[in-house]
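From first to last, the protein sequence lines are chains A, B and C.
Here the UniProt record's numbering is used: the first residue of the first sequence is 1, the next is one more, and so on.
Here the UniProt record's numbering is used: the first residue of the second sequence is 1, the next is one more, and so on.
Here the UniProt record's numbering is used: the first residue of the third sequence is 1, the next is one more, and so on.
By construction, these hints were calculated from the structure, which means they are not laboratory data.
Careful, some of the hints might be misleading.
Now the stretches of chain B that chain A is said to cover, found in silico as 3 or more residues with beta-carbon under 8 Å [unchecked claim]:
no.	stretch
1	116-122
2	216-224
3	281-289
4	311-318
Calculated from the model, a selection of chain C residues having no Cβ within reach of chain A, i.e. all distances over 12 Å [unchecked claim]:
no.	residue
5	85
6	156
7	334
8	348
Glycine included, each C-beta is placed from N, C-alpha and C at the ideal position.
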Amino acid sequence: MIPIKKPLVATIICCCFLTGCWDKRELNEIAIAVAFGIDKSDEGFRVSAQVVVPSAISSDKGAEGTPVLLFQADGETAYEAIRKMTKQVPRKIYPGHLKLLVIGEEMAREGIWDSLDLFVRDWEVRPDFSVVVARDRPASDILRVPTALDTIPANKLFDMLENSSDNWSEVHKMTLFELLADISSDGKDAVLTGILSSADADSNTGKEATEEIHPSARLYFDNLAVFEKDRLVGWLDAEQSKGFNYVAGNIKNTVETISCPEGGSVAIEVTKSDAKIKASFSGGNPEMEIIIKNKGNVGSVQCGLDMKKPESIHILDNLFEKKLTGIIEETVKETQSRGRSDIFGFGQTIHRSHPDKWKSLKGEWDEHGFENVPVKVKVEMNIRMTGTLLNPL
Amino acid sequence: MKGIERISAYQFGVLVFFFTTGTSILAVPAILAEKAGQDAWLAAAAGTLAGLGIIFLYGLLARCFPRNSLFGAMEWILGRWIGKFIMALFILVMVNYASSLLYYSGAFLQTEMLPNTPMSMLNFLMLATILIGVFLGLETIARTAEVFILVYAVFLFLLFIFLLPAIKIENIQPVFESGAGTIARASFPLLEVFALNTITMLVIYSASTDSEKQAGRSFLIGSAISAAVIILLTFLCVSILGGDNTAKQQYPGYELAKKISVGNFIQRVESTISFLWLITLYFKASIYIYAAILGTARLFGQRNYRTFILPLGTIAFLLSLTLYPSIIDFKEWRATTGMTLSIFSGVFVPLLPASVYLIRRKKLAGREKAG
Amino acid sequence: MSLFDQKKGGQPEASGRDCLQKSLQDNLLLLKVTLGESTDVIIREIRIGREGIPAGILYTDGLTDTASLQKFLLETLMIELPEIEEREGGSPDECFLSELKERILTVGEVEESGSVSSLLGSLLSGDTLLLVDGYAAGLVIPNRKWAERAVTEPNSQTVVRGPRDSFSENIRVNSALIRRRVKDPNLWNESRKIGTRTETNVELMYIHGLIEERVLDELRKRLDLIEIDGILESGYIEEFIQDTDYTMFPTIYNTERPDAVAANLLEGRIAILVDGSPFVLIVPALFTQFFQSSEDYYQRVLFSSFIRILRYVSFGIAMLLPAFYIAITTFHPNMLPPPLLISLAAQREGVPFPAFIEALIMELAFEILREAGLRMPRNVGSAISIVGAMVIGTAAVEAGIISAAMVIVVSLTAIANFVSPVYDLGFTVRMLRFGFMILAGCFGFYGIMIGLIVTILHLCSLRSFGVPYMSPLSPFNWSGQKDTMIRGPIPRMYRRPRLIGKANPTRQQPAVAEESSPDNSESKR
């Protein structure tokens, strides 16, 4: 067999040498995109890509030049637009390390699925980046704002979002993956965090802006965008956003301020919050019950409550429960009045617990079902620690 | 080289495991979820349980045939010409399967890793590796499988462990929504890849194992472990990705690996995890090709099967490049033609000799004595 | 030869060629001529006894202990012998030669031989010949002594804890070192001469009853097949007896540590000692054996196990790290954490070569430096390492030819390579590394995976004297795992390696009957 084996081996080696390396891309031949923005344009899509300039970031050479570049291109599809960018970029846009996808509000109102399909289908994109909606402006405006603490704006925004959803919980970090699950499932609609910019037309968005102590152009997250299927239909305000996050079980840690009976206020840190939605049927009609169990600590006391007494804790518990119940009822009412978009996943809950009944409800759930379902809210609070101080000074 | 190669029962079990796990890890959850939705894991359980039954029957069958291999039995029971004819058809099916696996691996690599590398190169590399293995013989393949099973187990274990935190049990609710009928229908493709194709293992079943009883046991144990792995993976897919989402994915198993993120440190490991799948595919294709080559050698009455490595390898290679114009055609082929072939090889091929054997048992026994 | 023929004209050919004559002068002339009158062979003609019988003493200068020659031969023959003859009144008779051998000569082991070739062999091995006029036979008096290296510390396999002696070039010393450790009457030694001209002494040592006879027979057969003029080192033997020539993996183990040989003998292996080589070969050798160091068994269990695992990891690093680097940076950048990707990308800015070429250059540069440092005189070696560090490390990076990460990768690879306790496997890794780099440069991870499959296929197809090379990993067996990836506690290693010590598998009786299952039914695959 040797006469066959040797040429075979030789052929393999030759083949590798002569023709190999089709997919080889050196690290200095790719443009690492950290954020994409998608807006509507006349042609269809306008895609903006925030691309890292590695040499400006690397520590040893000292930051020279701008750390990121923004490229824009229009196209009938998002894919086409990204490829058209090669007309401006000397390197291939590499989306494997995407951190943030910003969708312009205008685009979001028309539907986001068309822009998302590409990101799910492309083999290089990993669906673990965050998706946010730029409120009132095109996404490209957002990606244009430079940031100081982290030189890559997309990184900064990603961390900001993470930090804020972990410690304040008004916004919610939604990855593409979770978004897909929400959009594609029956009886649940998606929400996305909004991103806002304080920049106005004459704000400085150049590199010098990072040298200002209080730059006029700043980015911040606020509000949740409510979707119906894949179309944006409205916004929740700050308090409703938080209420939503309580119901959705997204709260990791947050602070609630409640007013004391005799004036003044107490800040309570919520350290654990579990939400459960239950569906029950009375006479063929569904009823929802939201149960939220919280645990927390006293963060700061700005009133004359005697913290040594056990009753004080009970009072605080009750006050907290009352306040949160209010917020949540308000949020639910607001959402139901807007109709059709079941962001709490009531439909899904019914589906999961009563699959047979859901079959009959399913058809008209979006039309009337969600709007009219009665919702009971039950909040439990359990304050455990009061910090290092016994009584207020 | 030496005469009949013999492998131990444990090695046979490992090969059975690789063979039955085969293509299942990456793609099967999507096929199951397409019909059964969040009940895909139940469909996996149903499919593999039924499959284990079939594999048990195969084991019995193998013990019934007093003559060694499947090929030997065919020739002996059906007579020389009919036996050879069935054998030739069977070999064609094997080659077809092998080439479909080659295409499958090439398609996967092109989709997820190497989009611009020509498929001919990818398939060639895989096939060359397979042929080297076949050239070195069954013993070497079995021993290599024995080494890789350790690595495989570690990888699989890590995959499970790392994915545990991501499980959302709500995703599989409501359980059993789709009903028994749908689940059974959904599980049929799995039955095909899991059990019917396993008939190939009979080619090396008793011809190559030291104790028939132990081999029969490891046949079952190997496929039972593989069944557990398939069920577990489907469960992970559904509970992590969600039923609808799983059905939409081309390779849900790979998508699953993208979800691994432990402490923001162990993440982005999906390229490594694809090893799990490629290695099972390698062994499955190796066994197909080994069986086909062994059969061809028997067909032409040659003692040294190695003569047929290059011709059959070339055929499989060319088939893998020309048979399927696109990935969609391939999936269609799997669901239609592939299914027919499986039924031919998995039902007809064992059933025909078995029934003829039952009818002509006495006569054959007499011939046995005379011979 | 013509002179020889003339001289012996009347003698029958058959006996004339190889047999001594009765005449001393004839014999001396014959030997002198055969040796080409080599000046290092000393011929001393004396007269012995009262009657003054002419005798000749021959020895090779430099190979013989002249002091003992003086004391035990010359003094005995020239001073004591006449006195004895005086006292006993005897005179030389037919048995004078055997009388000399049996009564007179006060040396350990005297042999009588009439064959020219065997006498010459002894002479050139350092023995002294005593020829006496009138006898067609000579006495061989062994008093070999030559300048040789003492038993020193091993160079290639050093340990922190453990015996410090190592083999030397003298086969007798070597076998003694082994026998000192194993005082078993079953430790057998069989010897043969290989090499038509070098007449090298090759000895097999094994413990009878532990080894498999099949392996021993096979080894004997292979040794007997060797037809070569010279064996200068055990490496020659290794190449002749290994199972396959075309493999990068060593299928025969070599060591210069007597304790390692003793341990292997106790496991049922066979040692091959070759005169003139401080490296003793051991067969059958398994892949996992090359990750074991004798120190593993002297250190504490957990530590040894940790080190063992470390070795396997280093093996992987040394073989695959550059390939992984190439694959990740050029094919799978999505595997890198984002900050690392950006930092690597920044380093690569301005580097003119693709990562694959970059790695190739660095690896080659390192291999060249290493080989240069190895063969140079010691004091030049340090100069080379300075140049190497400067060129490879600093200058290449600062000039922007090589990225800093690549230097880290190459250095880590190099260091990992040195972890291997046996030198041989290091070569294998160094060569395989390039293959993996090529595959990774063409196909990324897929290429590495294909390379791994082929490598393991190859490893699994190898056998060392019929024993599968990869055992006990494949064929897998549990009791073997106690001494594979980890090193189990010695009190719990009840059995010898399954496929090697099959003849007598039990090493020690388990204190409690833990392992009751006999593994006799398991056969070798």
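Verification of the hints:
| no. | hint | in the structure |
| --- | --- | --- |
| 1 | 116-122 | holds (count 4) |
| 2 | 216-224 | violated (count 0) |
| 3 | 281-289 | violated (count 0) |
| 4 | 311-318 | violated (count 0) |
| 5 | 85 | 73 Å, holds |
| 6 | 156 | 33 Å, holds |
| 7 | 334 | 3 Å, violated |
| 8 | 348 | 4 Å, violated |
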